[in-house]
Amino acid sequence: MTILDPASAPVRAPRASAGFPLLRILPPVVRISRRPHRMVERQLMCYRRTWPILLSGFFEPLFYLLSIRVGLSKLVGTISVDGHVLSYAEFVAPAMMAASAMNGAVYDSTMNVFHKLKYARVYDAVLATPMTVGDVALGEIVWALIRGLLYSTAFLVTMAVLGLTSSWWILASVPICVLIGFAFAAVGMACTSYMRGWTDFEWVATVTMPLFLFSATFYPLASYGRWGWVVQLSPLYHGVALVRAANAGVVSWGIVGHVAFLLTMAFAGLWVVSRRLQFLLLK
Amino acid sequence: MTAGDEASANAGAPVAPLIHASGLRKQFGDFVAVDGIDFDVQPGEAFGFLGPNGAGKSSTMRMIGCTSPTSGGTLQLFGLDPAKDGPAIRRRLGVVPQMDSLDNELTVEENLVIYGRYFDLSRAEARRRAKDLLDFVQLTDRATSRVEPLSGGMKRRVTIARSLINQPDLLLLDEPTTGLDPQARHILWDRLYRLKQQGVTLVLTTHYMDEAEQLCDRLVVMDAGKIVAQGSPRQLIDEHATREVLELRFRAGSNAENEQYAAGVGDRHEVLPDRILVYAHNGDEALAKAIANGAQPESALVRRSTLEDVFLRLTGRTLVE
Chain A
1 MTILDPASAP
11 VRAPRASAGF
21 PLLRILPPVV
31 RISRRPHRMV
41 ERQLMCYRRT
51 WPILLSGFFE
61 PLFYLLSIRV
71 GLSKLVGTIS
81 VDGHVLSYAE
91 FVAPAMMAAS
101 AMNGAVYDST
111 MNVFHKLKYA
121 RVYDAVLATP
131 MTVGDVALGE
141 IVWALIRGLL
151 YSTAFLVTMA
161 VLGLTSSWWI
171 LASVPICVLI
181 GFAFAAVGMA
191 CTSYMRGWTD
201 FEWVATVTMP
211 LFLFSATFYP
221 LASYGRWGWV
231 VQLSPLYHGV
241 ALVRAANAGV
251 VSWGIVGHVA
261 FLLTMAFAGL
271 WVVSRRLQFL
281 LLK
Chain B
1 MTAGDEASAN
11 AGAPVAPLIH
21 ASGLRKQFGD
31 FVAVDGIDFD
41 VQPGEAFGFL
51 GPNGAGKSST
61 MRMIGCTSPT
71 SGGTLQLFGL
81 DPAKDGPAIR
91 RRLGVVPQMD
101 SLDNELTVEE
111 NLVIYGRYFD
121 LSRAEARRRA
131 KDLLDFVQLT
141 DRATSRVEPL
151 SGGMKRRVTI
161 ARSLINQPDL
171 LLLDEPTTGL
181 DPQARHILWD
191 RLYRLKQQGV
201 TLVLTTHYMD
211 EAEQLCDRLV
221 VMDAGKIVAQ
231 GSPRQLIDEH
241 ATREVLELRF
251 RAGSNAENEQ
261 YAAGVGDRHE
271 VLPDRILVYA
281 HNGDEALAKA
291 IANGAQPESA
301 LVRRSTLEDV
311 FLRLTGRTLV
321 E
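Protein chains in written order, with my numbering: chain A, 1 to 283; chain B, 1 to 321.
In isolation and in its complexed conformation, chain B is listed as follows (with noise of 0.2 Å):
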């Protein structure tokens, strides 16, 4: 495929996946990271992989990054081939790693031009776009510092930085804000949604729930290598969960003696360590049945469904454990 030949498509038919995979496979020895998955991602989408650690999340990111040869199955990228085309790819993408990969030998400013300079952006070009991208991320007055004794929120944005300089067409974000404190949490959330509203595509992966929620407009869930379900959080959580959850909690230790109460009177309840989870459409009625039936929790909490009642109802297992 050309640059033309996407113009074209853009002008009528349906529009040429981004990504296109199917039956994607990554194995190690003979342990199967990846197992047969099959996904398209279209231009400006926000798409994620939800899932828990070691769900096949990263290496999946890795193979569309062209790091990591592929075990078997398709996968193109602009409709080519990463195993041939790695560095015309790469030079569209831009990665945020789970584990920030700065130079700590380089400042913050250098960091950015040495990596336009991988980009053959020229010397002057590199440094004013690490100028503007020191700017987008509020990281101006860091622009001559070392790496190393910034914050973890701040290295994640200068990644993020980082991996703007060859003004990408798909932004690969594996993790992103993992380990980050809530407040940089949501700098970054915001920061994304300004790029995706830019028309950059945005691929993720993220064990929070929430995170997928914000940011994503469709999501596969990830366990065990496979796709267990696929679509749009809303659409996922209509699926697979009830409109509202209800969590009791109960003394440690007597979930088992007072699953009783909570039988019946939703949709269906799940029993977890700490807690047990009733399904249903309206929550406080769901409340008032348990208390009705003799149920004497220590707090009792009515609150919409998640990303993360769909992982427990496909998996049988949190996300986060």
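Next up, chain A with everything else stripped away, as it sits in the complex (with noise of 0.2 Å):
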């Protein structure tokens, strides 16, 4: 506790990103993050007593797939994507599982981030040691991200039991997942920052609602017609279409431009998060 103490002599971290000028596609902030898994690890602590909470990531699809089983596939009977003829549920299944983590990622980045940023001020307690607003907005993402690879890990888990899967290629899904899961959680987090009170949150469901429902989840690409080319602005329809061709095991060029779409999306949102936790948190 003194003044004096050589170890406490101010050290500049090194700038990690010198070296790599592709990492200027980050934000500055996040740049020169250096502590993003200590927000982690405050997640983990949260959870450590509520980790049964978890547990419910394995009865959303089962349910979700059970409906469509037990229901939907009698009446639909087979259909035919791209030559490929398959069951109904084998056909939704991956839809859900894309739709499960867009709508994980919205949950966590939205409400739950809304309640620490203005009401709990958990992040302007962080701040006010020498973590940084980019260690905050990397930490949140990355948990999404951590609680998006367990429940779809979870729903994979479920889908194989029921017999929905039919690729070894399937196991992508989980990766892709996580892909989803990172677009939706740091665009849900910049629409967060500019919400002001709980009805904003209204237009979550606005949006997502229509996403789950018209991102080719239901019925093919095909049957949208000439408005197919609307759907292919859903993020989700890009995820869908990844995760279905995981289950498929068909590997196309299609595949790259689904990636690009959804990492776009992932760092835009990463972009405006940053600037407007700096613009919230350090006035």
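There may be inaccurate statements among the hints.
Unchecked claim - Example chain A residues on the side facing chain B (calculated, C-beta under 8 Å, incomplete): (1) V122; (2) V126; (3) L282.
What the hints assert, rightly or not - Computed, partial: chain B to chain A, Cβ under 7 Å: (4) S68; (5) R91; (6) R117; (7) Y118.
The hints are simulated quantities; they were obtained by calculation from the structure and are not laboratory data. No residue lacks a Cβ here, since even glycine has one placed at the ideal position from N, Cα and C.
Two chains, each in its own frame: build the complex with the hints.
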């Protein structure tokens, strides 16, 4: 507790991005982030006592998939997509998986983050330490990804148990869902930073509901006819297409486009979040 | 500046200030919250900002805490610039914000441990310090309790314990005892006094003059974003107030007609909504004179003058309105 302690002399953190121009796609505050894992550690500490809640991750897919397999699948029978014939349940299951990744990320990055930002004021206390806005932004998004990883693994296991998987490539759906989560968490947090009160959250459902229904989730893109291009603007459509491709074990160039769409969305969200958090928290 | 420079400075030459501010400004849109203030805080000092709500104290504190960028002027902590070396400066600060920002999802002990982790302490070290600090603020028995059900005074003590987890060189306290009952205030003052004795530099804001008198070696009086006076509590009182004050209370609403009895019995007098203050070297003499003049107060009190009187003298207003 003395100012003479040489250990406490300031040390400038080295600029990690100096030698990697590619990292310039990251916002500056994120580039200098050094402790995002501490934010994750805080979340783990919170969940240490409430981890059973993670088990709920199994129930959501179970109910989704059962309802389709028991009911809809019998009515619809089989469906033909790009020359492949598959049961309706097999067609819809990957879409449900992508949608659940979206919902999880959106819920975490809107309601939960808003509460911590405006009411619990968690970040104000965090920023009084060597932690930075970049650590907060990145840490929260990484946490959303970890949760996404757990939930999509649970989803995948449920799918496999119900016999709805058709290729080993389906294992790729887990990282795909993490990417979907990244894109939606980043944009979700960006939107949250503009919200003034709880009533603004009505808009979240207004946006995610049509995404859920009209992203080629329940019927193939071809059924949308000349409105197909509108569907392709939906980020969830690209997620659904990726998971579906994994389940079918079909590798095509289209995959690159879908991944690029989601990555662009993720990084755009990250830029906005970083700026907005700086504006909101460092007045 | 490096730690070595500070060491050699300590050996003979005057010690470099821990905080140096000159022409420091903070502006929100058109509103000027801090309007060009100058001050230095020396190592080991207890330094106070005294002023009413809205004087610019909290804005100043947030700039010192490196969580609010300055709008103009110079600010240096430990010889470093907050704009460039925020994390390095914050590593050496302890911050007790005006509103407790404890993590309600965690227990008392976890609050301290995770805070230590933000400062890169090892888990074992963070836990060890958390235990010691809870002992220091007398909350060991509440270690595993959630934060939510704690009383205001206890939460404040947890916040102070949390702010000490990194063994800071400088502790910033923004209105540390506002809203606490007298007993809780005295416990806090005692803990802060011990920290001061251990050599921790304290910077605090308050609108309680007794707090400033108890804790501060030196203070500045702020009003409307400016510093209107500075010195030790004693100096300020000697300079801007008399030794004693006579407080006269009359029937409600009759202060104006009774002012004539107070006029001239001391050095000067002040008519407040609820009482008349007479500033005099000897309060009892002033009271005797006022009664000889024909005053019939409902009550009369002679007391030593305080910083409240200094503030009233400087700004024409009382501190707590």
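Verification of the supplied hints:
1. V122: holds, 6 Å
2. V126: holds, 6 Å
3. L282: holds, 6 Å
4. S68: holds, 6 Å
5. R91: holds, 5 Å
6. R117: holds, 5 Å
7. Y118: It holds, given that the least Cβ distance between Y118/B and chain A is near 4 Å, below 7 Å.
Violated hints: none; the structure is consistent with every hint.
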